[in-house]
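Engineer: Listed below are the residues making up each chain.
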Amino acid sequence: MKVNHLIILILMVNLGLAQEVKFEKVSKEMLEEKFYVKDSSASAVVLARKVRIYYDYKQKSGFQVIRSVKERIKIYNKSGFGYATIKERLYKGSGAKESIGSLKGNTYNLENGQIVKSKIKGSEIFVSSLSKYRNEEKFTMPNVKEGSILEYEYRITSPYAYYIDEIPFQYYIPIQEEEVSVSIPEYFNFKTAVRGYLPVSPVISSKSAKISFTSKSRANQGLPVSEGNNSNTMYYTINTSTFYMKDVPALQRELYVNNMNNYRSAIKYELQFVKYPNSPPEEYATTWEKVIKKIYKNQNFGNQIEATRFLREDVQSIINGMVDNQQKTKAIFQHVQNRMSWNGIYGKYSNKGVKNAYKDKTGNVGDINLLLVAMLKEAGLNANPVLVSTRNHGVPLFPTREGFNYVVASVEEGDQIILLDACNKYTNVNLLPTKALNWFGRVVYEDGASEKISMFPKTNSKQMSMMNVNLKPNGDIDGKLRKNYTGQNAYLYRNSYNQIDQESYLEKVENDHGGMEISNYAVKNKTDLSKPIVESYDFYLESQAEVINDKIYFSPMFFDTEKENPFKLDKRDYPIDFAHPWQRRYIVNIAIPDGYEVISLPENLIMTLPENLGAFSYKLGKRGNTLQLKTDIQFNTAIIAPQDYAGVKELYKKMIEKETEKVVLSKI
Amino acid sequence: MRFLTFSLLLLSIHFSFSQDFNFSAIPKELLNNSNAVYRWDEIAVKVNSIDKMEYTIKKVVTVLNKHGNRHAYLGKYFDEQTKITNIGAVIYDSFGNKIDQIKKNDFSTRSAVDGFSLYLDDKLMYYNYTPIQYPYTIEFECQIETSDTGAVPQWYFLSGYLTSVEYSKYTITYPSKKFRPNIKEKNLDGFELLKTEKFNNITYEARNIQSIKKEELCPSFNEIAPILSVRLPEFSFKGIQAKVNSWKEMGDWINEELLKGRLELSQGTVETAKSLVRDIDDDLEKAKIIYSYVQDNTRYISVQVGIGGFQPISAIEVDKVKYGDCKGLSNYTRALLSAVEVESYYVHVEAGDEKIDFEDDFPDLLQGNHAIVAIPYKGQYYWIDCTSQVHPFGFLGDFTDGRKVLVVKPNESELVTTTSYLNSENLKRTSAKVNLDSLGGLEGTVSVQTQGIKYDQHFYLEGKTKKQVADYYKNYWGNVNNLQLESYSFENDRDSIVFKEKLNIEASNYANKSGERLLFGINPFNKNRSLPKRYRKRNSPFVIQRGFLDEAEFEIKLPEGFDIEAIPQSLHIENEFGTYKVSVEELENANTLLYKRYFLVKHGKFPKEKYKTYREFQKEVLKMDNAQVVLVKTKTN
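Top to bottom, those sequences are chains X and F. Take the first sequence: its letters are residues 1 to 668, numbered as in our numbering. Take the second sequence: its letters are residues 669 to 1305, numbered as in our numbering.
Pulled out of the complex, with its shape left as it was, chain X reads as follows:
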């Protein structure tokens, strides 16, 4: 629960007067400015930004959504030139498409002490087709140099009145002042959610408006028309939310963040219902129950898991003779996993219908995992789909159909719930692909009811190494190594290396370890997904200890010593996202060369973070001519909150200090 608060803020409504962004005349001082005082590292800054979203009624086509954008950007140096090119990804459907219109703009420069304006032509827009459904439209400002101020405005008209794109409040450069207003006719009821760390509060206002009809026809969006007239008028209210923000800092990229957009300050609108006068409301989404019901009712979702008859024969032959539900679950999962090949396309809905997908042996995520649910149900198991938002897709903020882009299967057995994804050849029962490990999913039940479920695995993905090392008097080492990978580590291993020939893989391992020479390599369970990956080999590696005069110095973890702290920042604004809890353990037995004795050993260390978040331990002991090192690092949760960052950083620092510490041997 705690994690939710990390990224979602509650929207506070302000009933005061909206502040307004004014585009004052571009002055010499503005053009002469060499860097941004509030953030000297900024290559460019948005001086002013005004975005208006509003509805326009066209008698022929009904309501359209219009987004008008006006921005003024100061470019400080060449790294900021990218901000002089504006790109919009736009939707096109059959017949209707979105496009950039009414482009106007100027670049301001200071030339010989004079302000010089260069105009962009409205015709200088390039349209590329990205796919059947997407166009990209771009334009670039003329005469851009260091110091330039750019100002442009344009409008995007969209025939998709039910959809308002997410509106960002924050860029990778600072924004000095911005105003975003969203005006919506009373007929449309949207729910909003705000993300990011910045406080955002809209000012709400309303005004009345009217639509005049010039003929007797009935408008296609259900607006009523009084009879017998050539001219009719409809009065309605427009509700406006205005967001005003000042000094919005640049969004900063950090390590171990899965998707920066989860932390970008932005607002999202989701349609709840449409209600025209004298007609019943058309519900879209209001609560999780309703959103999920809507998804479930979609013929590419619910129907797909209900009509399972065509699978009966196959299912019966798969589970023939099985009594145990877990056994049945596994058998059906493996059948679907082996039979189906994912076509690389995401989606919670079935694309071609599970029946066709089953026949073709390929399909999108919806096709494959809904098929899996259908088969599990046909086998009499308590199976249901689970809606997921992948890591790249971000975190679903509030009940919304677009919030989910992926679906997996679940089976409930007593108080246990098992998650399954058959789109990858190396997933397993309760082992999902890394991309699906993102906050919460929703289990969808037959009646459309749903329940929240954490997508983060509860068990640590482990890597365990066991190494026997013979240290030579010249500093070289040879020995045997055995490594186990479980959970996500095994999944990643199989995805990365199962299809590479062994020789190339070994060359990679050898080179990753500074030219190690490997022999007697063996790997077990590459395809037996129920067991961990076990690698073992003999190795020889030069220069792993310093031999100086009659002494030998070495770090007892040798080539696997962690040398650099990935956490370098003093403070962190975003949580650390490891995707899954993990653990790495080493046992190293070192035979010290004959004729040497230990004169110095690093001390043992145990360090734990509060609330069992993570721990590091280092134990080094000596028995006869052998040293034994045991180290263990673990993080028991996938997500670590920013307030716990300092502890993690310190743990890593201590670990690196410890692991790089040297054992000293001396000639007897």
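Source of the hints: derived by calculation from the structure; they are not laboratory data. Since the model is a prediction, treat every value here as computed from it, not as a measurement. Please note that the accuracy of each hint is not assured.
Facing chain X, a subset of chain F residues (Cβ under 7 Å, in silico) [claimed, not checked]:
1) Thr798
2) Ser844
3) Lys846
4) Thr1133
Idealized CB from N, CA, C, for every residue including glycine.
With chain X fixed as given, assemble chain F onto it according to the hints.
Structural biologist: Chain F only, in chain X's frame:
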């Protein structure tokens, strides 16, 4: 004549594969190191007239694993001049049974994307096929009609690394002797190859080509793979006709058809240019001023439409918007130079950090991908890249250095080699004065001075933000843990092309403690950090393209209360790859160590047998660079 053409046409359409698509029919040796096997790979080109050409592509590829999928990609680029008249594919399982068929209507079309252009007018017709099993086989066929006879398809008998070929065939048919193509055969030695020539038809066939593996430092694929380059002496390109038999003629054509009339500027701009160089007589000085004006006032934006892929946008257009691609900016710079009466030439070049020459005896438009400008001055050329806003005048860096390029001069176009940066010209000098404290912390000043290609790798730091600079050093000196950049300053001498970095740094725990002792690397700031990869069996020769020289001198003051237990020894290695010299001495009465390092690597091409020795040399260097000093607490009695 008519009959012959007709029968050839029949042949090309009703071509049939009398072939077994069964996976098990692939010879064993073709499966080694392969992700895909081209069972059949064929292109039949038919030139009909100077502006009519058609060709048919047929390939049968068995994909062995997911890494081979790109060889089964079902797609073809096209443009205004090119029409895809037919396209389709059939998919087979590993036994050769048909499992899917994809017809022309199933293909989609989208805009081409090259990753750096704002806009391209090329389009792509494609179908995304999802393999449902491995291995699988695709049979792909595609027919093209085009008026661009200036772009006759080249032929790669081998389509890339880690793929092998069972059968490959190139055919070109032409209407008359006048159209007999020039064909340049590259790296064909050692392959099983058959060439047949009839009076209007040339055919190449190859069988059983094994796969090649990419290895570190190996020559470019184009230098080792069997390739045919094909050109027509008379051709049409984007609607413009040409007759070209030498680079001189190619230059003339570019000059006449692509560049002519593009240099004009408005009177105002001409005046501006003149006023910039007022009172300056020397042409080189003038050129420097104009180049810096272009750098300060323009930026690189690539828009490629039609002939615009080869012809620059006019100078007047670039002047209006102050952006353009390499051709447009080069042409614009030439226009400004011409306004101030400085001679300059348009230069066509193949850019990239791998040096690729234009081929002396094979004038072909498709060899270059970039444009720069040459300024003749006192018997030599000064080269400038107008797409860079930061490079000094006359400095090309590793993007276009040391390679044969086409200098387009009226009636005297020729291939010329650009400036090379070799061996000690690529100099990096690192010096440091640092103090080590008793806890192992390091603090002091470091300076880095770079020239040549090393300059190219360092000088861009100047344009980075403070945070980026700090991150850069943390990574650049990743061997120094906990590195903190306290302050820094840069000095960029654009005239002599030297970049100087001066830094104050601090690093806690630089030295490792072990009991009474402190251990630390003698060389914190100029270390060889990685080795060339080790190969169980090296197959290709290796190339060191440019070479370099690193010089370092560090003074390290030791903490009070410690004695030196051990210091690294001096070493001097000299061999055909270069020189490595290190020494450490104790400065008297100063409790200070003086470390000196000299590391020269020479450019050259070496046979595969020497790779191991080269790696040994690098390993020795790495080892010495890691050498440790041991201090021990002074015993107090």
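Engineer: A closest beta-carbon separation below 7 Å is what the hint needs, so does Thr1133(F) meet it against chain X?
Structural biologist: At about 4 Å, which falls below the 7 Å cut-off, the nearest Cβ of chain X leaves the hint on Thr1133(F) intact, so it holds.
Engineer: Taking the least C-beta to C-beta distance, is Lys846(F) closer than 7 Å to chain X?
Structural biologist: violated, 40 Å
Engineer: Mind checking the CB of Thr798(F) against every CB in chain X and telling me if the closest is under 7 Å?
Structural biologist: Hint holds; Thr798(F) Cβ to chain X Cβ min 4 Å, cut 7 Å.
Engineer: Tell me if the interface restraint on Ser844(F) is satisfied: Cβ within less than 7 Å of some Cβ in chain X.
Structural biologist: violated, 41 Å
Hint compliance for this structure: hints 2 and 3 are broken, all remaining hints hold.
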